[in-house]
Amino acid sequence: MAETEARGPWREAWSVFKRNYAALVGLGILALVLTTAIAGPWIYPVDPFDIVGAPKTPPGTDADAVLGTDYLGRDMLAGLVRGGRPTLMVGFFAAMIATVIGITMGALGGYYGGKVDALLGRITEFFQVLPALLFAMVLVMLFTPSLVTVTFAIGFVAWTSMARLTRAEFLRIKQLEYVRAARAIGSSNGRIIWGVILPNALPPIIVAATLATGTAILFEAGLSFLGLSDPNMMSWGMMIGSNRNYLREMWWAVTFPGVCIFLTVLAISLVGDGLNDAFNPRLRTR
Amino acid sequence: MAALLEIENLKVEFDTWDGRVRVLDGVSLAVNAGETLGIVGESGCGKSMTALAIMGLVPKPAGHVTGGSVRFDGEDLLKAAESRLREVRGHRIAMIFQEPMTSLNPVFTIGDQIAETARLHLGLTAAQARSRTIEMLKAVHIPEAERRIDEYPHQFSGGMRQRVMIAMALVCEPQVLIADEPTTALDVTVQAQIFDLLQELRDTRGTAIVLITHDMGAIAEMADRVVVMYAGRKAEEGPVEAILGQPAHPYTRGLLACRPQLQLGKGAVRKALQEIPGVVPPLHLLGKGCAFAERCPHVTARCRDERPPETGAGTGHLASCWLLDTTSDAPKGRQAA
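Residue numbers (the numbering used here), protein chains in the order written: chain A, 1 to 286; chain B, 1 to 337.
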């Protein structure tokens, strides 16, 4: 809602973002990855689970599988093309879940303070001290590994920093005059939290959410590497995981998906940094 | 006749590290429709707290209203439910703040913010609220209202923002407007414009204005009646002529003496600016006597031991000071003049 209504400040942020070349490169890579993930299966319609050639074919030796095959003879390129979609989906939705939980916990705690804040703060700390990857593994193992359970598991362990950030922003903004003014015109608490304070707290939250997407992708890769991923969905992490035993014989089977993950997360980080600069007028003079 | 807004014996306490402190101690005042009541006093004397208490916005959980009543149109707002208070705020009683630079939400256009109030209380549609907003922007003399309605707060100057705040406060035609130091952050020339505007709105709409300020000049220009506050208590109250002409309380006299005089040319002498010695005492250290005793030039033993009652009858000029003869009709300062 705020994005469309508050055209002015957002447009201003875009004009700063535009001048940041690293961020633009990141945005470009991200666009490429997204396009491949969405349109790839139509452009390169090879099933990544089909065995297309001899196992462990090095890249550039077989015209049917230009990037080679994995330990079972499955097409590497098909895996890379299809693997982006689950990876990005898990990353995006897990970050969204983490952001929604984090914003809710942080906003309510920061706004109401007192006992509410103490309670929500304790809950946040409880989740914060759990080893995140282990906790996510337990969650995935409790339920069957699937795209949905992996997404929720990652979202569930990754929201604490978002909650702390949102809480800090709310503590700062709720002291400001325009919040008092909003109260003085008779706005309800809900209206002040979601309609007045949150739009002003969004810039750092958006930056954090962007970076959280990168973290979630790494998490997904980590879980897949450990074998905790949807067995019916070829993802980059899963490719690394299933070929890890043959690392010394076939460098390509882990390197290509690894590079994909690396580039995607790097692109997201660059975009996040660009957004940070764009939203933070104090840093603009650098 | 009951006044439009009547505060009686209002007490507000705050929890601090030094224990519970009484920031408002038995404040009573009243405003009628079409009247401007000035509240003056030094920083921290409880002016703004009075305003917040009227609106039911005493900061929680530290603050507590512990006694008294705030009667608006016969209804005690201190006993009203929060939902009722939300209806009153912005609709019946509106408030403008000291800092026009920070009182507007930076991520929304000023039009959205003014229309928000109208839609909240008057149930207008978006289109109706917009035309009402343009009307209000014109009423507060913002040029090119049709264009500027879609601009953001940072595109406005301080004086213009304060006009926007006033438009926002008046969009629902409230019966009472509380102006908490509305011009403190503005240039002198802009101050005069804002005061003219407030006076115009009061005269055309019959709004009651509570003007909170520490500027005696603003009081002289705007107020019909004045309440002088000190350390959370009312020191003196009366018609503006009486307060400025024959101040009865030593604190009021001190405040008036503190003003720089603008007299130059023949016969003018530049005197050293007078001041009231000392500072407002920390509220938790107030004794049982008069709050002003420590700084008063006329202090007596009685002042330190007993709290002076409000004296003065008939004329509406009241002061709380032992120096005033309790048997006479009017405060002593008035006779002395």
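Hints in this document: simulated from the structure, not taken from any laboratory. Just so you know, these numbers come straight off a predicted model, no measurement behind them. Mixed in with the good hints, there may be bad ones.
Estimated spans, in silico, between C-beta atoms of each pair [said to hold, decoys possible]: (1) A/263 to B/127: 28 to 34 Å; (2) B/288 to A/100: 54 to 60 Å; (3) B/184 to A/24: 41 to 47 Å; (4) B/187 to A/123: 17 to 23 Å; (5) B/154 to A/259: 40 to 46 Å; (6) B/73 to A/100: 42 to 48 Å; (7) B/284 to A/175: 36 to 42 Å; (8) B/141 to A/123: 48 to 54 Å; (9) B/259 to A/125: 25 to 31 Å; (10) A/123 to B/73: 32 to 38 Å; (11) B/60 to A/172: 27 to 33 Å; (12) A/100 to B/158: 34 to 40 Å; (13) A/129 to B/284: 36 to 42 Å; (14) B/123 to A/146: 45 to 51 Å.
Here chain A is said to cover these stretches of chain B; the calculated rule only asks that three of the stretch's residues, wherever they fall, bring their Cβ under 8 Å from a Cβ of chain A [claimed, not checked]: (15) 113 to 121; (16) 140 to 148; (17) 202 to 214; (18) 283 to 293.
All residues carry an ideal CB built from backbone N, CA and C; glycine is no exception.
Structure-based check of each hint:
A hinted range of 28 to 34 Å is violated for the C-beta pair residue 263 of chain A and residue 127 of chain B, which are about 49 Å apart. For residue 288 of chain B and residue 100 of chain A, the Cβ-Cβ distance of about 56 Å falls inside the hinted range of 54 to 60 Å, so the restraint holds. A hinted range of 41 to 47 Å for the beta carbons of residue 184 of chain B and residue 24 of chain A is consistent with their spacing of about 45 Å. Between residue 187 of chain B and residue 123 of chain A the C-beta distance comes to about 50 Å, which lies outside the given range of 17 to 23 Å.
Checking the proposed 40 to 46 Å range against residue 154 of chain B and residue 259 of chain A shows it holds: the Cβ atoms sit about 44 Å from each other. Residue 73 of chain B and residue 100 of chain A have their C-beta atoms about 44 Å apart, which keeps the hinted 42 to 48 Å range intact. Distance hint for residue 284 of chain B and residue 175 of chain A: a CB-CB separation of about 24 Å, inconsistent with the stated range 36 to 42 Å. Separation of residue 141 of chain B from residue 123 of chain A is about 52 Å and conforms to the stated range, judged on CB atoms against 48 to 54 Å.
Taking the beta carbon of each, residue 259 of chain B and residue 125 of chain A are about 55 Å apart, not inside 25 to 31 Å as hinted. With their beta carbons about 45 Å apart, residue 123 of chain A and residue 73 of chain B fall outside the hinted range of 32 to 38 Å. With their beta carbons about 19 Å apart, residue 60 of chain B and residue 172 of chain A fall outside the hinted range of 27 to 33 Å. For residue 100 of chain A and residue 158 of chain B, the hinted distance range of 34 to 40 Å is satisfied, since their beta carbons lie about 39 Å from each other.
Checked against the hint of 36 to 42 Å, the pair residue 129 of chain A and residue 284 of chain B passes, with Cβ atoms roughly 41 Å apart. A hinted range of 45 to 51 Å for the beta carbons of residue 123 of chain B and residue 146 of chain A is consistent with their spacing of about 48 Å. With a cut-off of 8 Å between beta carbons, the region 113 to 121 of chain B has 4 residues touching chain A; three or more are needed, and the interface restraint holds. Evaluation of the coverage hint for the region 140 to 148 of chain B: breached, as 0 residues show C-beta separations to chain A shorter than 8 Å, against a requirement of three.
Only residues whose beta carbon comes within less than 8 Å of a beta carbon in chain A count, and the region 202 to 214 of chain B has 0; fewer than three means the coverage is violated. Counting residues of the region 283 to 293 of chain B whose CB lies closer than 8 Å to any CB of chain A gives 0, which falls below the minimum of 3, so the coverage claim is violated.
Checked against the numbered hints given earlier, this structure breaks hints 1, 4, 7, 9, 10, 11, 16, 17, 18; the rest are met.
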